[in-house]
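Asks: Chain by chain, the residues run as shown.
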Amino acid sequence: GESVGLHLPTLSVQEGDNSIINCAYSNSASDYFIWYKQESGKGPQFIIDIRSNMDKRQGQRVTVLLNKTVKHLSLQIAATQPGDSAVYFCAENSNTGKLIFGQGTTLQVKP
Amino acid sequence: DAGVIQSPRHEVTEMGQEVTLRCKPISGHDYLFWYRQTMMRGLELLIYFNNNVPIDDSGMPEDRFSAKMPNASFSTLKIQPSEPRDSAVYFCASSLFDLNIQYFGAGTRLSVL
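Order-wise, the sequence lines are chains V and H. So for the first sequence, our numbering puts the first residue at 118; every next one is plus one. So for the second sequence, our numbering puts the first residue at 515; every next one is plus one.
Isolated chain V (complex conformation):
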């Protein structure tokens, strides 16, 4: 059948709450994972990365968790702010050496 436009999953949170954005990756051979943030009208911006030999990595207000058993990645944002409103992409680097980006999740922060 004819393909239809994709609608990105959307997470809506209240300002000040914590946000959790999830991502399932496909390649069990991937050994490096990155989260990018894309604000409206801009290019993606690196947020945080994690290697496959780690389960958790923390940055400023952000934490990335990696569960290799179920091939799942999550990005936690503490005390979400209006400036966090954006589309968030997870990306994986498999043994091809190239970054493969996921479809993205839209985060909406309500004041």
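One or more hints might be untrue.
To be verified - With a cut-off of at most 30 Å between alpha-carbon atoms, the simulated DSBU-like pairs for lysine-lysine come out as follows:
(1) Lys173(V) to Lys188(V)
(2) Lys173(V) to Lys538(H)
(3) Lys592(H) to Lys538(H)
(4) Lys215(V) to Lys185(V)
(5) Lys215(V) to Lys159(V)
(6) Lys538(H) to Lys159(V)
(7) Lys159(V) to Lys188(V)
(8) Lys188(V) to Lys215(V)
(9) Lys227(V) to Lys538(H)
(10) Lys582(H) to Lys592(H)
(11) Lys227(V) to Lys173(V)
(12) Lys582(H) to Lys538(H)
(13) Lys215(V) to Lys582(H)
(14) Lys185(V) to Lys173(V)
(15) Lys227(V) to Lys215(V)
(16) Lys227(V) to Lys582(H)
(17) Lys159(V) to Lys592(H)
(18) Lys227(V) to Lys159(V)
In case anyone wonders, no lab produced these hints; they're calculated from the structure. Being a predicted model, the structure only gives us computed values, none of them experimental.
With chain V fixed as given, assemble chain H onto it according to the hints.
Replies: This is chain H only, laid out in the frame that chain V set:
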């Protein structure tokens, strides 16, 4: 540093016309990437260069697309002839030593009528 600079920011053209997108990477970066972003297909890698040499062009959709990097500070992505299905946002990104931590430009929004 001004970051990755792309031009033009917006391009509207008619089907069959040649389109040239331009990119100036961050000074000193040795990797340069061209991506295409659409709602249907997301963010797709078209081609990337290392030290001005094309390394992987497997993402280039067809022969109508070509990319060059004549020197470390400039790259072009050309579409000839353009088709309506080429309408998308095209991003250029650069990185230093690391394929993964890439710095993106603001993109060129291409509309082919």
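Asks: Please go over all the hints and tell whether each is borne out by the structure.
Replies: Tested hints:
A threshold of 30 Å between alpha carbons decides the hint, and for Lys173(V) with Lys188(V) the separation of about 14 Å falls inside it, so the pair holds. Restraint check: the Cα-Cα separation between Lys173(V) and Lys538(H) comes to about 35 Å, which exceeds 30 Å; the hinted pair is violated. A hinted pair counts as satisfied when its Cα atoms are at most 30 Å apart, and Lys592(H) with Lys538(H) qualifies at roughly 15 Å. This hinted pair checks out: Lys215(V) and Lys185(V) have alpha carbons roughly 19 Å apart, not beyond 30 Å.
Only pairs whose Cα atoms come within 30 Å are accepted, and Lys215(V) paired with Lys159(V) is accepted, the gap being roughly 22 Å. Taken as a hint, the Lys538(H) and Lys159(V) pair is honoured in the structure, with Cα atoms around 16 Å apart against an allowance of 30 Å. At roughly 29 Å between alpha-carbon atoms, Lys159(V) and Lys188(V) fall within 30 Å of each other, so this suggested pair holds. Proximity of Lys188(V) to Lys215(V) is assessed by CA-CA distance (about 18 Å); at most 30 Å being required, the pair is judged to hold.
The straight-line distance between the Cα atoms of Lys227(V) and Lys538(H) is roughly 37 Å, outside the 30 Å bound, and the hint therefore fails. With a CA separation close to 8 Å, the supplied pair Lys582(H) and Lys592(H) stays within the 30 Å bound. With a C-alpha separation of about 28 Å, the suggested pair Lys227(V) and Lys173(V) falls inside the 30 Å cut-off, and the hint holds. For the proposed pair Lys582(H) and Lys538(H), the alpha carbon gap of about 12 Å is at most 30 Å, so the pair holds.
Between the alpha carbons of Lys215(V) and Lys582(H) the distance comes to roughly 19 Å, so the proposed pair stays at or under 30 Å and holds. Our distance criterion of 30 Å between C-alpha atoms is met by Lys185(V) and Lys173(V), whose separation comes to about 11 Å. With a CA separation close to 35 Å, the supplied pair Lys227(V) and Lys215(V) exceeds the 30 Å bound. Restraint check: the Cα-Cα separation between Lys227(V) and Lys582(H) comes to about 44 Å, which exceeds 30 Å; the hinted pair is violated.
Taken as a hint, the Lys159(V) and Lys592(H) pair is honoured in the structure, with Cα atoms around 22 Å apart against an allowance of 30 Å. For the hint linking Lys227(V) to Lys159(V), the alpha-carbon distance of about 21 Å falls within 30 Å, and the restraint holds.
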